[in-house]
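Engineer: When you get a sec, could you build the whole thing from the sequences and use the hints?
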Amino acid sequence: DAKTTQPTSMDCAEGRAANLPCNHSTISGNEYVYWYRQIHSQGPQYIIHGLKNNETNEMASLIITEDRKSSTLILPHATLRDTAVYYCIVIWDYKLSFGAGTTVTVRA
Amino acid sequence: DAEITQSPRHKITETGRQVTLACHQTWNHNNMFWYRQDLGHGLRLIHYSYGVHDTNKGEVSDGYSVSRSNTEDLPLTLESAASSQTSVYFCASSDSGGLEAFFGQGTRLTVV
Chain A
133 DAKTTQPTSM DCAEGRAANL PCNHSTISGN EYVYWYRQIH SQGPQYIIHG LKNNETNEMA
193 SLIITEDRKS STLILPHATL RDTAVYYCIV IWDYKLSFGA GTTVTVRA
Chain B
1219 DAEITQSPRH KITETGRQVT LACHQTWNHN NMFWYRQDLG HGLRLIHYSY GVHDTNKGEV
1279 SDGYSVSRSN TEDLPLTLES AASSQTSVYF CASSDSGGLE AFFGQGTRLT VV
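Quick note, the sequences are listed as chains A and B, same order.
When you read off a place in the first sequence, starting at 1, and then add 132, the result is the number in my numbering.
When you read off a place in the second sequence, starting at 1, and then add 1218, the result is the number in my numbering.
Please keep in mind that the hints were generated in silico from the structure rather than gathered at the bench.
Even glycine gets a Cβ: it sits at the ideal position worked out from N, Cα and C.
Don't take each hint at face value.
Unchecked claim - Selected chain A positions facing chain B (in silico; Cβ < 7 Å):
no.	residue
1	Gly175
2	Pro176
3	Tyr178
4	Tyr226
5	Ala232
Structural biologist: Shown next as structure tokens:
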């Protein structure tokens, strides 16, 4: 599976959009980009995934560059409950491989 | 509602004892996974199964075993618990038709 690179941490103001970058320059054609988050002590929670096209659901939007070497997760209106560790994962099978992720702190 | 449950949520055991952590899902998912999470290491895959009677080793499988006798359950057994196995353990399941995984709430295991 391709390796991903994410910033260690970032802060965001409540009510503003949070843009979380992820670099996956070695991604293969059949690999998907997945985002999960883990709120303190809980099990990871699925957010969104995509292959080539941009995706949006009730939680977030995923923007994948045309060359697929990077992506951005957008939380449109961050709330205090969005404070969590966010993981960007690139996979083609069912086995999720978690890196260190980005610790996002939403501040009032 | 379908769910995935782990039990117990917390356990303290002694070095050398056999311990079994339970994972039960009601989604009828084919795929099930066990991870451990330690400070400084993130989540690491221990064992996984793609169906009944199928089991596979993950990246940190030494000292652990699993068996899959039905679709709903994938118990994780520590044959002889060691202090290095003190960790938080997460179970997950996913459907063969999709890659979204659902995680349990975790079991905090302390080996003393």
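Engineer: Please check whether alanine 232/A passes as an interface residue: C-beta within 7 Å of a C-beta belonging to chain B.
Structural biologist: holds, 6 Å
Engineer: Quick one, is the tyrosine 226/A hint okay against chain B at 7 Å, beta carbons?
Structural biologist: Where the cut-off is 7 Å and the nearest Cβ of chain B is about 5 Å from tyrosine 226/A, the hint holds.
Engineer: Take the shortest C-beta to C-beta distance between proline 176/A and chain B; is it under 7 Å?
Structural biologist: Where the cut-off is 7 Å and the nearest Cβ of chain B is about 5 Å from proline 176/A, the hint holds.
Engineer: Under 7 Å is the threshold here; is the Cβ of glycine 175/A close enough to any Cβ of chain B for the hint to stand?
Structural biologist: holds, 3 Å
Engineer: Can tyrosine 178/A be said to touch chain B, with a Cβ gap under 7 Å?
Structural biologist: Check passed: Cβ of tyrosine 178/A comes within 5 Å of chain B, closer than 7 Å.
This entry satisfies every hint, going by the numbered hints stated previously.
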